[in-house]
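**Student:** Here the protein sequences come in this chain order: A, B and C.
End of the first sequence sits at 191 in the working numbering; the numbers just go up one at a time, nothing left out.
End of the second sequence sits at 307 in the working numbering; the numbers just go up one at a time, nothing left out.
End of the third sequence sits at 288 in the working numbering; the numbers just go up one at a time, nothing left out.
I should point out that these hints are in silico values taken from the structure, not numbers from a laboratory.
Treat each hint with caution, since some may be false.
As the list claims (entries may be wrong) - Interface residues of chain B toward chain C, partial, derived using beta-carbon atoms under 8 Å:
| no. | residue |
| --- | --- |
| 1 | Asp61 |
| 2 | Thr289 |
| 3 | Gly291 |
As the list claims (entries may be wrong) - So these bits of chain A aren't anywhere near chain C, every CB distance computed over 10 Å:
| no. | residue |
| --- | --- |
| 4 | Asp70 |
| 5 | Asp81 |
| 6 | Asp92 |
| 7 | Ala107 |
| 8 | Ile109 |
| 9 | Arg134 |
| 10 | Val135 |
| 11 | Glu142 |
| 12 | Ile144 |
| 13 | Arg152 |
| 14 | Lys162 |
| 15 | Leu163 |
Unchecked claim - Stretches of chain C that chain B covers, calculated by requiring three or more beta carbons in the stretch to come under 8 Å of a beta carbon on chain B:
| no. | segment |
| --- | --- |
| 16 | 22-36 |
| 17 | 110-123 |
| 18 | 129-141 |
| 19 | 164-171 |
| 20 | 216-229 |
| 21 | 267-275 |
Glycine included, every Cβ here is placed at the ideal spot set by N, Cα and C.
Letter by letter, the chains look like this.
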Amino acid sequence: MKIAISASSPSLDSEVNPRFGRCDMFIIADPKSIDFEVVDNAGESAGGGAGISTAQMIAQKNVEVVITGNCGPNAHRVLSSAGIEIITGAEGTVRQVIEDYNNGKLSSSSGHNVSDHFGMGGGGGHCRGKGKAN
Amino acid sequence: MKEIVVLSGKGGTGKTSIVASLAVLAENKVLADCDVDAADLDILLDPSIQEKHDFAGGKVAFIDSEKCARCNICAQVCRFDAITDLKVDPLNCEGCGFCSHVCPVDAITMQPSFSGNWFISSTKYGPLVHARLGIGQENSGKLVAEVKRQAKIIAQSTGASWIIIDGPPGTGCPVISSLSGASTALLVTEPTLSGVHDLKRIIEVCQHFKVPALVCINKFDINEENTRLIEKHCQSLNISVAAKIPFDTVVTEAMVQGKPVLEYTKGRVSQEIEKLWNAIDSL
Amino acid sequence: MIISVASGKGGTGKTMVSTSLAASIKNNYNVQLLDADVEEPNSHIFLKPVFETSHAVSINVPVVNEDRCNHCGKCAEVCAFNAIAVVKDFVLTFPELCHGCGACSYLCPRRAINEAPNQIGTVETGKAGSISFVQGKLDIGQTMPTPVVRKVKELTSREHISIIDASPGTSCPVIAAIKDSDFCLLVTEPTPFGLNDLKLAVETVKQMGIPCGLILNRAGVGDSRVEEYCQKENIPILLTIPLDLNIARLYSKGTTLAEGLPQWQENFKEVFRKIREITGERNSST
């Protein structure tokens with residue numbers, strides 16, 4: 058199985074990035090063997106809906122569990138539709154988090170734990186605002 | 025690190041003058057002017073610009089006339105009337121890219137559009153991140169987010185205790201952007217019916233995004249009846265009115281001198297702003 | 003004739019000016035006031051209109067027909083706003099991020115996407131005595147004011163003297179509000195903030211080729227730099243309103259100058275006369 062952890066640098070010693078949609082990268086690991094790959098997060102620089110595009114990308118990687126700090130409602134909706142388990146509130150290094158996961162110390166969250174736009178203050182922004190009324 | 029964003033809904037309630045004075049009082053802070061459409065904080069803080077950066081807010085379509093087959097399909101699908109005579113009007117272009125997807129000869133590319141500048145400056149009160157949106161550009165919140173991002177980077181690297189943000193007027197995208205991730209919103213209002221009306225709307229926005237709010241009534245004595253109305257409304261929502269600043273021309277005088285009012289005088293206005301800061305500090 | 007009222011800086015008295023101008027000339031002309039400051043519409047506070055109609059302003063957002071969809075992901079790929087996502091056997095739409103461009107439905111290879119309106123605001127119309135009143139209001143939490151501004155503007159009547167109250171600043175919704183005006187009335191105060199923001203507003207209207215004039219509000223505080231700037235830039239100062247506690251109190255109660263201090267009606271009529279003169283001159287010279 059594969060789990061994805063939001064990270065700030067490409068190593069197991071990276072701190073867990075508190076943001077999902079606007080984290081720098083993901084470490085996708087097999088929790089038993091701790092083999093891992095690093096996936097850059099294009100959503101980091103997306104205009105709006107970063108969480109949505111990031112969640113879509115993660116879903117395409119056949120990940121079963123996502124571990125992160127905070128997850129907004131939009132990303133939560135996409136991930137749960139893909140049947141991915143979401144664990145929020147994770148802190149410490151990626152290595153510790155994988156260990157905690159293996160020891161059953163982490164529990165999944167039933168809903169999003171931050172409001173939309175949460176990560177935006179640290180990220181790109183969200184909408185270009187002209188729109189077309191009908 | 026705490027992030028205070030100062031908002032008002034209605035413009036001209038004295039937001040920027042108050043932010044400049046809080047800048048004098050707060051220790052170890054980074055300042056950010058997120059009113060990128062009409063940035064005025066720099067007038068009071070006399071910054072010297074250290075860094076200037078271009079900002080590309082979004083994308084606009086560009087038609088390569090050499091490749092263009094003049095079929096005009098792009099103009100037909102565009103819902104923003106952004107293409108006339110096979111030319112893109114960047115003011116109308118939404119950046120959706122619809123045209124680039126339908127062009128049969130791939131003559132349309134989406135290119136980053138210049139939409140303003142952001143600056144890192146030093147002031148005698150600490151670092152200031154500010155910006156200027158290009159005229160007629162969309163105030164999308166993206167430039168606001170960039171200003172906040174830069175302020176946060178500086179705050180993290182210097183171990184600052186506070187980020188104090190001068191927010192934009194209104195309730196739309198830039199406001200929501202400036203509010204995201206804030207620890208507290210300080211709402212500066214005035215006892216006019218317009219002020220009361222807009223305060224109610226901005227409180228709703230804060231509640232919608234679950235950011236705790238604190239209210240300051242500026243020029244409270246120009247209509248004490250409305251001041252009582254505001255106090256009652258805040259009380260009913262369990263929002264504290266942390267300060268009531270009297271009307272005084274020293275605020276404008278200080279502005280003309282290009283100084284925060286707190287540096288200009290130690291009178292009633294300054295005392296009340298000190299009280300306001302103490303309330304924020306003790307949160 | 004369309005007169006828009008704008009100001010780079012918020013809180014300079016734009017709404018007070020729009021409503022006072024409307025109230026001062028209403029006995030001589032058919033007047034329409036359009037409040038295009040859709041994030042904070044306040045003209046109604048001064049004119050107290052009775053609203054007769056209210057229409058939703060909507061953006062067309064995608065609705066996916068699951069029976070036809072084969073989850074190919076094309077819609078998510080073309081959406082520049084991440085308003086649509088495809089994961090496994092689900093298509094998810096996020097109406098609040100949608101800009102209504104229509105790319106997803108047009109480009110869907112299986113024609114599985116229809117569009118349906120999603121409300122972002124309202125446009126209300128009514129009467130304030132003899133003044134026709136139109137106001138746009140952006141719903142709380144919505145982020146796109148410009149479509150609402152455009153809807154307000156669609157109701158501009160050529161049979162009236164239309165006065166448009168724009169939002170502060172110089173960004174997109176302001177451009178949409180003042181576009182196609184015959185004249186733009188700028189309101190500022192004689193302070194460094196007022197001057198700084200006035201310069202941005204002047205640059206904007208000049209770029210759009212709209213003639214402008216200034217109303218200087220709260221004169222008496224501050225300095226003379228706004229006046230010097232206007233002289234240099236050849237911008238006529240059409241009216242000076244002093245900083246006066248009586249006026250400030252009227253404003254705080256939501257009373258127009260025309261109603262609260264009727265002697266001001268003549269001043270606003272004079273402003274209107276000057277605007278006609280300027281726009282008339284312009285028309286005859288072009």
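**Student:** Work down the list of hints and note, for each, if the structure agrees.
**Tutor:** The hints, checked one at a time:
1. Taking 8 Å as the C-beta contact cut-off toward chain C, the hint placing aspartate 61 of chain B at the interface holds, the least distance being around 4 Å.
2. At about 15 Å, the closest approach between the beta carbon of threonine 289 of chain B and any beta carbon in chain C exceeds 8 Å, and the interface hint on this residue is violated.
3. Interface hint status for glycine 291 of chain B: violated, as the beta-carbon distance to the closest one in chain C is roughly 16 Å, over 8 Å.
4. At roughly 31 Å, the least C-beta separation between aspartate 70 of chain A and chain C is larger than 10 Å, which holds for a residue marked as non-interface.
5. The non-interface label for aspartate 81 of chain A is consistent with chain C: the shortest C-beta to C-beta separation is roughly 18 Å, beyond 10 Å.
6. For aspartate 92 of chain A, the condition that its CB be more than 10 Å from all CB atoms of chain C holds, with the nearest at approximately 24 Å.
7. The Cβ of alanine 107 of chain A sits about 7 Å from the closest Cβ of chain C, inside the 10 Å cut-off, so the non-interface label is violated.
8. Consistency note on isoleucine 109 of chain A: stated as away from chain C, yet its beta-carbon is not over 10 Å from all of that chain's, at 4 Å minimum.
9. For arginine 134 of chain A, the non-interface assignment is contradicted: its Cβ lies about 6 Å from the closest Cβ of chain C, within the 10 Å cut-off.
10. With 10 Å as the threshold on Cβ separation, the claim that valine 135 of chain A sits away from chain C is violated: the shortest Cβ distance comes to roughly 5 Å.
11. Separation of glutamate 142 of chain A from chain C is adequate, the least Cβ-Cβ distance of about 14 Å exceeding the 10 Å criterion.
12. The Cβ of isoleucine 144 of chain A sits about 18 Å from the closest Cβ of chain C, beyond the 10 Å cut-off, so the non-interface label holds.
13. The non-interface label for arginine 152 of chain A is consistent with chain C: the shortest C-beta to C-beta separation is roughly 29 Å, beyond 10 Å.
14. Distance to chain C confirms lysine 162 of chain A as a non-interface residue, since its nearest Cβ pair spans about 28 Å, more than 10 Å.
15. With 10 Å as the threshold on Cβ separation, the claim that leucine 163 of chain A sits away from chain C holds: the shortest Cβ distance comes to roughly 23 Å.
16. Only residues whose C-beta sits within less than 8 Å of a C-beta in chain B count toward coverage, and the segment 22-36 of chain C has 0 of them, not enough to reach three; the restraint is violated.
17. Residues of the segment 110-123 of chain C with a Cβ under 8 Å from some Cβ of chain B number 0, which does not satisfy the need for three, so the listed coverage is violated.
18. Residues of the segment 129-141 of chain C with a Cβ under 8 Å from some Cβ of chain B number 1, which does not satisfy the need for three, so the listed coverage is violated.
19. Coverage of the segment 164-171 of chain C by chain B holds. Counting CB-CB distances below 8 Å, 3 residues qualify, and the rule asks for three or more.
20. Note: the segment 216-229 of chain C has 3 residues with beta-carbon separation from chain B under 8 Å; the three-residue rule is met and the coverage holds.
21. Counting residues of the segment 267-275 of chain C whose beta-carbon sits less than 8 Å from any beta-carbon of chain B gives 0, not enough to reach three: the coverage restraint is violated.
Against the hints set out earlier in the document, violations occur for numbers 2, 3, 7, 8, 9, 10, 16, 17, 18 and 21.
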